[in-house]
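Here the protein sequences line up with chains A and B, keeping their order. Here numbering that gives the first Met the number 0 is used: the first residue of the first sequence is 0, the next is one more, and so on. Here numbering that gives the first Met the number 0 is used: the first residue of the second sequence is 0, the next is one more, and so on.
To be clear, the hints were calculated from the coordinates, so they are not data collected in a lab. Please note that the accuracy of each hint is not assured.
Said to hold, decoys possible - Here are a few chain B residues that face chain A, going by a calculated C-beta distance under 8 Å:
#, residue
1, R37
2, L126
3, Q136
4, R182
5, A190
Quick caveat, the model's predicted, so the values are computed rather than measured. Glycine residues also receive a C-beta, built at the ideal position from the N, C-alpha and C atoms.
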Amino acid sequence: MILECQHVWDYISEYLDDTLSPQTKQLVQRHLEHCQICSAILDATRNILVLTADDRVFELPVGFSARLHARLEREMESSR
Amino acid sequence: MRIEIPDRDEDKMIADVLSGDNELYHELIRPYEHQVYRVALSLLKNEAEAEDVAQEAFLKAFRKLADFRRQARFSTWLISITLNEARGRLRRQNLIRFESLDQTPEEGGHVSPALLRDWREIPSEALERKEVREMLQGAIAKLTPKYREVLLLRDVEELSIEETALLLELTTSNVKVRLHRARMMMQKELAPKLAGLHPKRRWFQ
Numbered sequence: 000m001i002l003e004c005q006h007v008w009d010y011i012s013e014y015l016d017d018t019l020s021p022q023t024k025q026l027v028q029r030h031l032e033h034c035q036i037c038s039a040i041l042d043a044t045r046n047i048l049v050l051t052a053d054d055r056v057f058e059l060p061v062g063f064s065a066r067l068h069a070r071l072e073r074e075m076e077s078s079r
Numbered sequence: 000m001r002i003e004i005p006d007r008d009e010d011k012m013i014a015d016v017l018s019g020d021n022e023l024y025h026e027l028i029r030p031y032e033h034q035v036y037r038v039a040l041s042l043l044k045n046e047a048e049a050e051d052v053a054q055e056a057f058l059k060a061f062r063k064l065a066d067f068r069r070q071a072r073f074s075t076w077l078i079s080i081t082l083n084e085a086r087g088r089l090r091r092q093n094l095i096r097f098e099s100l101d102q103t104p105e106e107g108g109h110v111s112p113a114l115l116r117d118w119r120e121i122p123s124e125a126l127e128r129k130e131v132r133e134m135l136q137g138a139i140a141k142l143t144p145k146y147r148e149v150l151l152l153r154d155v156e157e158l159s160i161e162e163t164a165l166l167l168e169l170t171t172s173n174v175k176v177r178l179h180r181a182r183m184m185m186q187k188e189l190a191p192k193l194a195g196l197h198p199k200r201r202w203f204q
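With the rest of the complex left out, here is chain A (with noise of 0.2 Å):
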């Protein structure tokens, strides 16, 4: 069985987490031996979420530390 590019698509994501069947598993990665576009399609989409998973991509706000403990030092003695 040969798999078409948009079938492989629908299984970027199960590839991903490593959760595809092994018969699965083995078609998609037959595929992408041969398919430029996908192969590119699944490094872009591994790397977006190694990106995502960045703690740079939300930094606290500067203070946002100091902010909290002071809230939470005056709320915390009235709320026992």
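Here the structure of chain A is known, so what remains is to put chain B in place on it, guided by the hints.
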């Protein structure tokens, strides 16, 4: 970022806070400040509100600490409180009703990725650049809540499919379907922009 802290007995810390050591609560939550803020910001898209919701979430967690059950990790419990706080805030602003009118693929719809011939790896150092951080934040913000929440928990906070399903009260197969669409939408939105980051010089050298 999945947070693992060695040499910390959180059960003991929580027990001590519950028996009156309020000071220890500051130490207990310190490793999770960034995570809680990130969850709030991804949902609310506004820094000041995200900070306020993060503070509320930590306060609520303190008040409800006795309800914490050890089946969940403390960090996951904090995320669930933050999600509730943020959703409550959004509901009050009516943003959810507004956003549900956005055009996004329905269940069963198909998201095609951006087509590329080759992909040149973007190193994570690129995140030192503000424009790159803003591209990523923008792409996450563009997702509608149901896709954004799944992507956030799974790909930003790096929870498992099962933990994500539990927190959002979805089935695991539902999480997988949403996650797939969310990831494809991210690829579609970001791949062309990121690929254009280092344009080849086309003029005569």
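### Task
Go through the hint on L126 (chain B) and say holds or violated, using the shortest Cβ distance to chain A against 8 Å.
holds, 4 Å
### Message
Hint validation: Q136 (chain B) versus chain A, beta carbon distance must be below 8 Å. Holds or violated?
### Response
holds, 6 Å
### Message
Interface hint check: R182 (chain B), Cβ to nearest Cβ on chain A, cutoff 8 Å. Holds or violated?
### Response
holds, 5 Å
### Task
Under 8 Å, Cβ to Cβ, is where R37 (chain B) needs to be relative to chain A, so tell me if that hint holds or is violated.
Holds. Min distance 4 Å.
### Query
Given A190 (chain B) as an interface hint, is the shortest Cβ-Cβ distance to chain A below 8 Å?
Where the cut-off is 8 Å and the nearest Cβ of chain A is about 4 Å from A190 (chain B), the hint holds.
The structure is consistent with each of the numbered hints, conforming to all of them.
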